[in-house]
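Peer 1: Residue numbers (our numbering), protein chains in the order written: chain F, 13 to 194; chain Z, 1031 to 1461; chain A, 93 to 403.
Read the hints as simulated data drawn from the structure, not as lab findings.
Predicted model, so just to flag it, every value in this text is computed and none were measured.
Hints are not guaranteed to be accurate.
For the chain A half of the interface with chain Z, some residues (derived, Cβ under 10 Å), not all of them [unchecked claim]:
1) H209
2) Q213
3) G225
Even glycine gets a Cβ: it sits at the ideal position worked out from N, Cα and C.
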Amino acid sequence: MTDPKILLDKSDMERAISRIAHEIIENNKGVVDVCLIGIQRGGVHMARRLSDRIDLIEGQKVQVGTLDIAMYRDDLDIRDEQPRIRRTDVPFDINGKVVILVDDVFFTGRSIRAAMDALMDIGRPAVIQLAVLIDRGHRELPIRADYAGKNIPTSKNETIEVVFKEDAGKDEVILKRSEGEE
Amino acid sequence: MKVLIRNGHIVDPSQGLDSKGDLLVEGRTILKTGKNIKVKANDPEIRIVDASGLYVMPGLVDMHVHLREPGFEYKETIRTGTLAAVRGGFTSVCCMPNTKPVNDNETVTEFILRKAFAEGSCYVYPIGAITKGQEGAELAEMGMMFDAGCIAFSDDGRPVMNSMIMRRALEYTKVFGTPVISHAEDSSLSADGVMNEGRLSNLLGLKGIPREAEIIMIKRDIDLAGLTGGRLHIAHISTEEGVEAVRRAKSDGINVTAETCPHYFTTTEELAMGYNTFAKVNPPLRTDRDVEAIKRGLSDGTIDVIATDHAPHHQDEKLCEFDKAAPGISGLETALSMSLGLVVQGVLDMNGLVSKMSLSPASILGLNKGTLSEGSDADVVIVDREAEFEVDCDRFLSKGKNTPFNGMILKGRPVMTLCKGKVHDLMVDER
Amino acid sequence: MSSLGQKDLLGIRGMTREQISLVLETASGFKDVLKRDIKKVPALRGRTVFNLFFEPSTRTRTSFELAAKRLSTDVVNFSVPTSSVVKGESLLDTIATIESYGVDYIIIRHASSGVPHFIAQHSDASVLNAGDGINEHPTQALLDAFTIMEHKTQIEGLKIAIVGDILHSRVAKSNIYCLRELGAEVRLIAPPTFVPSHINEEGIDIHYDMDEGLKGADVIMMLRIQRERQGGGFLPSSDEYSRFWGLTRERLNMADPEAIVMHPGPMNRGIEIASEVADDERSVILEQVTNGVAVRMAVIYLLGRSKEKEQ
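Please work from the sequences and hints to get the whole structure.
Peer 2: Here it is as structure tokens:
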């Protein structure tokens, strides 16, 4: 790795989340029947923040669930280590709801494919939308985000790390370049 | 054809020899031992063997082997078993009667002897069964088997559980003076056990054989020998308490002798870790304290004999469930090397070791073997105590490749065996 | 990072607290799945599981079968009476045959201790021990630990009494290893004929008197008394066993008031456990069955890739 570069700082992240919250409200004409489901792990923090922000704007709490997609990944067969299984906690009915999937980094689209499959095994939403903090490109599946905090073109040997203060005590988005993996 | 073995270190307990010297053999007979034996130079009728740096000793006598013939030729035959014996430095082996049919009558005894005469690379002395079919119920025709050539009686592989039968056997054999060899195992106590009972059997979840299964039977048989005045020999002692019981009996003047096997003084039950079926043997491998006790027993003369309990099995009988695996170790081709360790450790001197592997079993069985004295059979083994080699069961001459010592580096090995008028150059076979 | 870091699950002995905890955590993820309408995930699609049972066992086999199916594997049941094993085929032949079908996991139950270890040495597949002889039954211990965790939140410091035929019980042995690794204080209650002769070397308390042994226990784990051991060599009779070592309501009162009662099943009602105790609200026996599937899913999932697939 060479010198990590800070792409977004705390206030950049706040502004991005705030904008997404506004767009969600506008797009859905309010938040009736809207719920947020964060993909483990980064998406979970972001979903909670979106919910708080929407509450601030609309004065209405949006339900938040967490979704673990490990069991639905398409690379289980080619990995050496199995991804850790985390909690899936959707304590409300998603049938007929507008479900907004939330993730921190949007990359190949494979996680979102897995998340949609996982969601379908829980129920049948009326609509699924996608909200991401960072869209770094390199899509491998025909999936697009409905809400993106920031588009950041990257090369494939870079990694983007979103740090949440819930985990690491501070908010920031970092770009790392890994060498020797060309 | 004469063979002159020159400049070897001759060890012959029967003559108290333990020094450099030469040995001259003609055909099947020893002509003499001595210093600087002179022969005609360049005589094509004399083969001269330079044994400098090597030990020259009487051919070893193994009083406990399983040759498996008749009936289990897929495990071993008299031909392959005696080839393995010669390679291990043995020139006489005594085969146990648990064949199919059991050697419990003179016909089987005669069959074995005929086969051994025709195909055996070394001398074979059959041990007859104590009871018919080794079933422990009725005495076998021991007198007729003795006449046919049996030199001892045993139900080895199985105990004689009925004390009355064992008493009768010890009494009856007094007629011909042969020992009764006890496979000391209380089978009601060992039940379906497969390894030594203890912390390790618990850890592996394998059913244990308590040491008491051996101890109780050794004590019973000693008491019966005391009662009857019969000659008792305890096979394959594996426990400290067993050694102690024999020591006591000897000091009480009871007519008892005892043997152990290399695996009981070199290894412990730990060898079974990982469900290693090659370490499954009966009696089972025990613990460190037993190993130490057996060495003490060898050292102080309580244990008279080192035998192999050579128990060849087919690979399929070992590559299977531990419970199902056949117990036993193919021991003829490693026994001497493993036993030489006792000399290195100071448990026995060379004289003591050679005695326990030749003269002592021969005299227990009344065989005129285990000696290099003039006129006796030219059964000789030459040993290189310094040679190191790796045990490779695939190169065993025995059909039984079942050894837990495969891959182990051993020091000391026989390099030449003379038997039945033939010179077996073992290092040539090696190449 | 979250595989067990081993090809096989042969026993609890040798597993670390971290490994055990990983299984239990993963199992709670799978338990969520089992609560849904759609109780299946595609995690191990395309993999093949062989259920190789040399001993009759409907429960364990069914539990493994469900677990494997809920991970989307293909499950093949291979049990003794219909197989060629009875015709004298060697174990090695059986393994070779199964290997030729192409198999990723072998779940093995066998009456001889060490058979799973033997298979693991001779097969590339991941081997899961579903009970071997009197040795181990690791998934039972893991599901027991999972069930205890659900009721007691942590195992460290709990007083756990295991009652019954310890000597012949692979369930007891795996539980002893597992619970002690997790920091519980394990005690054994049994007639002396059912206590392994060298177990005291492990520093485990042994009680012959059940009332004494149950005092203050947080968990009571009853073991099944095998019918063939009820009379004869080990015990005078099942009546006598029941009188001294059967769990009755009165005896249950000796334990902690919050104590839970467990049994690996199938129960002998009226012998090792009184009916009213089996049906008592403190009994968690049916939860054990449910949790068994989640824990077995976790174990299969965590053993991960059985072999290097060709690129």
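Peer 1: All hints are to be evaluated individually against the structure, with a verdict given for each.
Peer 2: To see whether the hints hold, each was checked on the structure:
1. H209: holds (5 Å)
2. Q213: Interface hint status for Q213 of chain A: holds (8 Å vs cutoff 10 Å).
3. G225: Interface hint status for G225 of chain A: holds (6 Å vs cutoff 10 Å).
Of the hints listed earlier, there is not a single one the structure fails to meet.
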